[in-house]
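Enquirer: Produce the entire structure from the sequences given, and follow the hints as far as they go.
First to last, the protein sequences are chains F and V.
Numbered according to this note's numbering, the first sequence spans residues 17 to 265.
Numbered according to this note's numbering, the second sequence spans residues 6 to 308.
Rather than coming from a laboratory, the hints here were simulated on the basis of the structure.
Incorrect hints may appear among the rest.
Label-pair restraints from in silico Cβ distances [to be verified]: (1) V:His-24 / F:Ser-58: 36 to 46 Å; (2) F:Gly-35 / V:Glu-224: 13 to 23 Å; (3) V:Glu-224 / F:Asp-231: 44 to 54 Å.
Cβ-to-Cβ under 10 Å is the rule here; a few derived chain V residues that face chain F [claimed, not checked]: (4) Gln-75; (5) Gly-76; (6) Glu-80; (7) Met-91; (8) Thr-96; (9) Trp-139; (10) Leu-174; (11) Lys-253; (12) Ile-281; (13) Thr-285.
Quick caveat, the model's predicted, so the values are computed rather than measured.
Where is the CB? At the ideal position from N, CA and C, for every residue including glycine.
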Amino acid sequence: MASFGVEAIRYFSNARAAGVSSAGDLTYTFNRSNGFDSKLRSGGLSRGFYFANTDCWETDIRDSDQGGDDRHYVDNVDIFWIETHGNHEADGRARMLYDTPQTQWRTWSNQWQLGENWNAEWVMAYSCNTVDLNNVSGLWNIFAGMHIYCGAWDEMWDGWTTDECGDDVGDNLISGDTVSDSWIDGVSDWYFDNHPITVCVGDAATWNNGNIRWDRSYLNRDHLWGHGNVEPDLPPAQQACILWRWAEG
Amino acid sequence: MDEKRFIEKMCSDVSAPSHVDIFAVRQFSIEENTRRLTRLISVTGEMCKRSLDRADWVRQTDRTVARLPQGARAEVFHASGALRVMTGLETMEALFDKPEPRELLEKMVVGIAAQLRIADWVGQRESLAFERLWQIKAAAADQKRKAIEPVLCRAIGAYRQSVGKLPVLGGASVAIKVAGGGALDSVSMQLLEPSGDAIESAAVIGPDRAARQIYQQLESLMARSKAPVSELKATTQSLRMGYLHMGKRKSQRVLAPHYVGAIKIDGEEAQAYQFIVSATEKTFLPLCFAGEQSPAPQIHRAA
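Expert: If you want it as structure tokens, here you go:
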């Protein structure tokens with residue numbers, strides 16, 4: 017049975033008190049993550065873990081080879097949902113904030129290596145700005161067999177009109193929409209400026225000398241396990257391109 | 006930005022009437038909602054010149070889903086009556102041949118909206134107006150970071166419902182997603198129908214009072230911060246007043262005015278908050294500003 021994991025951080029008072037960040041608390045974090053959790057369980061997936069606030073650790077997504085423990089957490093479930101504050105570095109690396117310094121207060125994506133010998137196919141980060149739209153290749157290293165990273169290339173709003181995003185993404189996934197559509201449609205209310213983006217890697221046949229075969233891409237072909245087709249993993253040696261799809265207003 | 010400046014800036018381009026009519030919202034039974042969805046499926050099929058008559062109906066906890074021919078699907082949410090029909094296009098199917106100017110895309114969306122007869126879904130004292138165009142694009146790069154020009158995948162036209170002169174704020178009232186060649190990808194509707202005459206005319210609080218409440222809500226999110234709110238790089242994006250749509254999965258009994266404020270904060274972490282404040286002294290909608298809590302905590306393994 018396919019499985020999922022959730023990490024959701026609403027309160028950042030420890031990070032603020034430590035002077036690590038001025039990031040404020042969020043309000044509807046658990047509306048979204050509870051909605052995602054409930055929909056995926058109703059769709060027949062098993063919950064691997066659901067951690068909240070200071071139980072979310074940066075080591076859960078950091079690669080086991082780099083001092084983390086992803087093999088037991090993020091890389092041990094098929095789909096992972098995280099909600100926290102985020103941003104990206106100038107070189108395109110994503111970073112996200114935690115409210116406890118398990119070893120660090122933040123995670124950086126150069127320390128992620130997902131899908132390796134383990135399990136992760138999809139990561140969904142409801143978090144601002146973790147993808148640099150001008151340097152999406154800065155995320156390439158995270159795809160060690162993982163299929164799609166779903167994030168944001170600018171703000172993701174915390175508010176009343178986005179409180180059902182987790183339900184919407186979950187409903188889309190268990191209704192047989194592609195993972196890419198499920199994310200972009202699910203987090204967009206077509207009112208507030210959420211900025212969803214889905215990023216994946218492709219092989220040489222998909223790159224096709226720059227005449228992209230979009231039909232072959234994970235963006236077009238990947239669905240949640242049990243709810244449609246899932247393409248095979250693409251090992252790093254066979255990765256020839258990085259592809260992304262985003263919404264803008 | 007200090008409180009005074011924050012409030013001035015937030016109120017700079019919003020005006021509010023002294024009184025606003027409060028309306029009951031028409032409620033639909035599941036059977037009525039199924040008929041409404043059938044109507045939308047029918048007009049969609051007519052527009053796409055496809056037969057979508059046969060459907061496999063599945064009733065779930067919060068919605069009813071209709072599985073339609075050729076991969077199409079439709080759904081209606083029981084609590085709100087929000088509707089959606091998807092025609093079954095694949096995610097990267099029917100791309101636009103080239104990037105198109107916004108004017109042309111808007112014209113395309115407006116043309117499809119007319120064919121879908123979306124204006125028929127609102128009553129005499131309501132209106133629907135085009136609000137905003139969104140686009141979904143895709144791009145790629147090779148290992149040398151050589152990128153291709155973005156391709157346009159979809160254009161989405163968002164429409165806003167108004168009751169009288171006030172917009173109904175929330176997710177797009179109608180969203181029409183169009184693929185290349187003018188093919189319809191999906192149409193969604195979340196409209197609230199006022200039922201009967203106004204039940205009350207309520208006095209409206211001024212935008213300055215709403216902005217002050219928003220500032221206080223923002224302060225409450227920043228407790229224990231070493232940097233006071235006044236030192237944050239806060240940008241007030243907008244303050245709007247209108248009736249509030251509470252969402253697809255919530256049952257809503259009345260249309261009541263609220264202020265919706267949007268604030269962005271720059272810093273190590275990008276932040277974007279949307280705040281909602283009742284625009285009346287009297288409370289008409291049971292909004293839960295505190296948000297939900299996490300499920301029973303799962304204890305993390307020891308380090």
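Enquirer: Now tell me, hint by hint, if it's right for this structure.
Expert: Evaluation of the provided hints:
1. V:His-24 / F:Ser-58: 36 to 46 Å: 44 Å, holds
2. F:Gly-35 / V:Glu-224: 13 to 23 Å: The hinted range 13 to 23 Å holds for Gly-35 (chain F) and Glu-224 (chain V), with Cβ atoms some 18 Å apart.
3. V:Glu-224 / F:Asp-231: 44 to 54 Å: Cβ of Glu-224 (chain V) to Cβ of Asp-231 (chain F): about 51 Å, so the range 44 to 54 Å holds.
4. Gln-75: Constraint on Gln-75 (chain V) not satisfied, violated at 13 Å.
5. Gly-76: 9 Å, holds
6. Glu-80: Since the shortest Cβ distance to chain F is 8 Å, the answer is holds.
7. Met-91: 8 Å, holds
8. Thr-96: At 5 Å from the nearest chain F Cβ, Thr-96 (chain V) passes the 10 Å test, so the hint holds.
9. Trp-139: Cβ of Trp-139 (chain V) sits 5 Å from chain F, so the hint holds.
10. Leu-174: Cβ of Leu-174 (chain V) sits 8 Å from chain F, so the hint holds.
11. Lys-253: Cβ of Lys-253 (chain V) sits 6 Å from chain F, so the hint holds.
12. Ile-281: 5 Å, holds
13. Thr-285: At about 17 Å, which exceeds the 10 Å cut-off, the nearest Cβ of chain F leaves the hint on Thr-285 (chain V) violated.
The earlier numbered hints that this structure contradicts are 4 and 13.
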